[in-house]
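J.: This is what each chain is made of:
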Amino acid sequence: MSVIVAEQLIKTYVSGDIQVEAIRGVDFSIEPASFVSFIGPSGSGKSTLLNMIGCLDPPTSGKLQVAGQEVTNLNRQDAARFRGENIGFVFQDFNLIPVLTVFENVEYPLQMVQNWPKEKRKKRVQEMLEAVGMADQGYKYPSQISGGQKQRVAVARALVTNAKLVLADEPTANLDRDTANMVIDLMKKMRDEFQTTFVFSTHDQRIVDNVEITFALEDGTLHRQKNPTGGHHG
Amino acid sequence: MGNIFKLALRNLFRYKRRTLLTSMLITLGVVAVLLFISISGSFKSLMVGQITDSMLGHIQIHKKGYLASIDSLPLNRNLTGKQIDKVIQVLADEEAIESYSMRIKLGAMFSNFAETTNIRLNAVTPVDEMQTAPLLTERILEGEKTGLIKAGEILIPELISKGMKVKVGDGIVLVANNKDGSVNGQNFLVRGILEGISGPGGRDGMIHIDDAKSLLRIDAAEVSEVAIRLKNIDQLPAVFASLQEKLAPVKNQQGQPVFEVHTWESISPFFNIAKMIDLMTFFIKIMLVAIVLVSIMNVMIMAVYERINEIGTISAMGTLPNKILGLFVVEGFLMGVLGTVIGTVISLASIAIMNATQISFDFGRQTGLLLSPTIGAADVIVVVLIVIAIAVIASLQPAWKASKMDPITALKHV
Numbered sequence: 001m002s003v004i005v006a007e008q009l010i011k012t013y014v015s016g017d018i019q020v021e022a023i024r025g026v027d028f029s030i031e032p033a034s035f036v037s038f039i040g041p042s043g044s045g046k047s048t049l050l051n052m053i054g055c056l057d058p059p060t061s062g063k064l065q066v067a068g069q070e071v072t073n074l075n076r077q078d079a080a081r082f083r084g085e086n087i088g089f090v091f092q093d094f095n096l097i098p099v100l101t102v103f104e105n106v107e108y109p110l111q112m113v114q115n116w117p118k119e120k121r122k123k124r125v126q127e128m129l130e131a132v133g134m135a136d137q138g139y140k141y142p143s144q145i146s147g148g149q150k151q152r153v154a155v156a157r158a159l160v161t162n163a164k165l166v167l168a169d170e171p172t173a174n175l176d177r178d179t180a181n182m183v184i185d186l187m188k189k190m191r192d193e194f195q196t197t198f199v200f201s202t203h204d205q206r207i208v209d210n211v212e213i214t215f216a217l218e219d220g221t222l223h224r225q226k227n228p229t230g231g232h233h234g
Numbered sequence: 001m002g003n004i005f006k007l008a009l010r011n012l013f014r015y016k017r018r019t020l021l022t023s024m025l026i027t028l029g030v031v032a033v034l035l036f037i038s039i040s041g042s043f044k045s046l047m048v049g050q051i052t053d054s055m056l057g058h059i060q061i062h063k064k065g066y067l068a069s070i071d072s073l074p075l076n077r078n079l080t081g082k083q084i085d086k087v088i089q090v091l092a093d094e095e096a097i098e099s100y101s102m103r104i105k106l107g108a109m110f111s112n113f114a115e116t117t118n119i120r121l122n123a124v125t126p127v128d129e130m131q132t133a134p135l136l137t138e139r140i141l142e143g144e145k146t147g148l149i150k151a152g153e154i155l156i157p158e159l160i161s162k163g164m165k166v167k168v169g170d171g172i173v174l175v176a177n178n179k180d181g182s183v184n185g186q187n188f189l190v191r192g193i194l195e196g197i198s199g200p201g202g203r204d205g206m207i208h209i210d211d212a213k214s215l216l217r218i219d220a221a222e223v224s225e226v227a228i229r230l231k232n233i234d235q236l237p238a239v240f241a242s243l244q245e246k247l248a249p250v251k252n253q254q255g256q257p258v259f260e261v262h263t264w265e266s267i268s269p270f271f272n273i274a275k276m277i278d279l280m281t282f283f284i285k286i287m288l289v290a291i292v293l294v295s296i297m298n299v300m301i302m303a304v305y306e307r308i309n310e311i312g313t314i315s316a317m318g319t320l321p322n323k324i325l326g327l328f329v330v331e332g333f334l335m336g337v338l339g340t341v342i343g344t345v346i347s348l349a350s351i352a353i354m355n356a357t358q359i360s361f362d363f364g365r366q367t368g369l370l371l372s373p374t375i376g377a378a379d380v381i382v383v384v385l386i387v388i389a390i391a392v393i394a395s396l397q398p399a400w401k402a403s404k405m406d407p408i409t410a411l412k413h414v
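Chains as they are written, first to last, in the numbering used here: chain A, 1 to 234; chain B, 1 to 414.
Treat the hints as calculated values from the structure; they're not laboratory data.
You may find that some hints are simply not true.
[Unchecked claim] In silico PhoX-like links for lysine-lysine, alpha-carbon gap of 20 Å or less:
hint	chain 1	residue 1	chain 2	residue 2
1	A	140	A	164
2	B	165	B	179
3	B	150	B	82
4	B	285	B	64
5	B	82	A	118
6	B	275	B	285
7	B	323	A	118
8	B	150	B	64
9	B	6	A	140
10	A	122	A	140
11	B	6	A	122
12	B	246	B	82
[As the list claims (entries may be wrong)] Partial list, derived from the structure: chain A residues whose beta carbon lies under 8 Å from chain B:
hint	residue
13	50
14	57
15	60
16	74
17	81
18	84
19	95
20	97
21	117
22	118
23	139
24	143
25	144
26	145
Remember, predicted model here, so these are calculated numbers, not experimental data.
Even glycine gets a Cβ: it sits at the ideal position worked out from N, Cα and C.
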């Protein structure tokens, strides 16, 4: 069963008398454990689409199913609950919480969103930190680690809840080439290890080269491209 | 909930200087209020003690209408034998009463054989009077204090002593009209000089009640007022109500009430000063509320504004709006608690220091009064609760804004 199914998805923004159709009736589906990217120029609707998939912004019309659940009409509270249970986020600026240590940042979704018991939580966080190679940095604060390390922590945080889907908005934009490659490799490894679907919104050709499917967006319409060189999964 | 507290506390210490400054402001407000309450309370109870214990007593009973015409000290409005018996009977049933003193109040001409002036006098039974106004003897500036007064002696007010150049041991004559209008005179020996204090009766002289009876040619039992002292002044409202209830139904032949009962509050003008002190305390509390409200709200608005991106992140991760609300409210709450705890500790320490150093002050002509500030647990608890409640209320609006923030807009915020 597809992890994401979109049918005739439309997103229109209204500003005064002006209506802007950011997404114009797109249809697509994404299979579990895929490595998928949405590409396109600025203003093409990448972020809008990612926001709708991430239940941060409801579609104006159409149908959207994520992780087997219809999410088109979720209210704010239910959308938050759904995100907490099913979706992980990786941001361009890492968005770690500065007052929490690396360990506590990864622990945050388990503690504040999913209310895991302490012992189980500690074990899971340790596992994730080991998986992203940050097990020995748990005591440090975000200000004490590098950009690449921050993004590793962000990946661990996105996956710690066993999210079915990770949405990554320009995850390599603030990283140098080597670090970006390292983060992409890490995410592929995580996909392989945890069978999580990774969906990127990106301009970064290195990501595009590594995904299996690329959706190109232009003026709110979608074109699917298979990537023959994209990393396989499984 | 513990997690929210931990995160809130970390966020508070993220901006140490700001948190410290805001807490200091709250601390300052708490210290100002608690010290004002303790010092003004001490001053108030000291003055109330002075007034009631050296002159008025806590409650007074008169014949109906006496107090309205007290300036002329009317002898025809004295309580008579049967009425006195009724009062004694009622007072015997009140366990909260420590003592009472029957007084005859009279006006007379005072002569030192060279000059004459008028004088207002309280005629008392010394033992009863000393029990009812235990600080009275401290008002005796010159002369023997023990036993207060004997028959044939007079305590004269300080002003008459100076004005008429009369000293302790001098002989004087009192001439008074009785209620039938006949005049009588009697010699007295000046036993002592009585310090004048503000308020009704504060500049009266004093003689033995037996002398008043002979001077006024009173044969039967007769008194102008009954001054009552309670074991505990806190029982004043209850005892006053009880006395009123028991004495109000006693009517004369015309169906009019015979007695009137007054607390010291309705007799002494100092009660208005005490009320003003209470009013000032109230306004100082209002200022404290304003300080806490403005400072916490300002800090929390800044905190939300500075952490918009972070709010977007935790919201995207699935943190429910009520948890985000809780996070910011707890921050305000903790800041209030911090300021209050420090403020309370400083205040209590300051009160202890003031008591240890024995600060004295003057009030009117009374000098060297010792300031002994105290504060009740109830006052501290009320101030602490006010500050913490206002801190939470002040955090609500910014916290509400944070919880309602659109995650996309918040994540885009730079």
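J.: Hints first: check each against the structure and report whether it holds.
T.: Verification of the hints:
1. 140/A - 164/A: violated, 28 Å
2. 165/B - 179/B: violated, 30 Å
3. 150/B - 82/B: Violated, at roughly 27 Å.
4. 285/B - 64/B: violated, 41 Å
5. 82/B - 118/A: Judged against 20 Å, a Cα distance of about 83 Å means the pair is violated.
6. 275/B - 285/B: holds, 15 Å
7. 323/B - 118/A: holds, 19 Å
8. 150/B - 64/B: violated, 31 Å
9. 6/B - 140/A: Measuring from Cα to Cα gives roughly 17 Å; hence the hint holds.
10. 122/A - 140/A: holds, 16 Å
11. 6/B - 122/A: holds, 17 Å
12. 246/B - 82/B: holds, 15 Å
13. 50: Since the shortest Cβ distance to chain B is 10 Å, the answer is violated.
14. 57: holds, 6 Å
15. 60: violated, 15 Å
16. 74: This hint is violated: residue 74/A lies away from chain B, its Cβ roughly 12 Å from the closest one there, beyond 8 Å.
17. 81: holds, 7 Å
18. 84: holds, 2 Å
19. 95: At 4 Å from the nearest chain B Cβ, residue 95/A passes the 8 Å test, so the hint holds.
20. 97: For residue 97/A, the interface hint holds, since the closest Cβ of chain B sits about 6 Å away, which is under 8 Å.
21. 117: This interface hint is violated because 13 Å lies over the 8 Å limit.
22. 118: Violated, because the Cβ-Cβ distance from residue 118/A to chain B comes to roughly 10 Å (cut-off 8 Å).
23. 139: violated, 14 Å
24. 143: violated, 11 Å
25. 144: Status violated, d = 15 Å.
26. 145: Since chain B brings no Cβ nearer than about 17 Å to residue 145/A, farther than 8 Å, the hint is violated.
Figure legend: structure checked against the earlier numbered hints; hints not met, in rising order: 1, 2, 3, 4, 5, 8, 13, 15, 16, 21, 22, 23, 24, 25 and 26.
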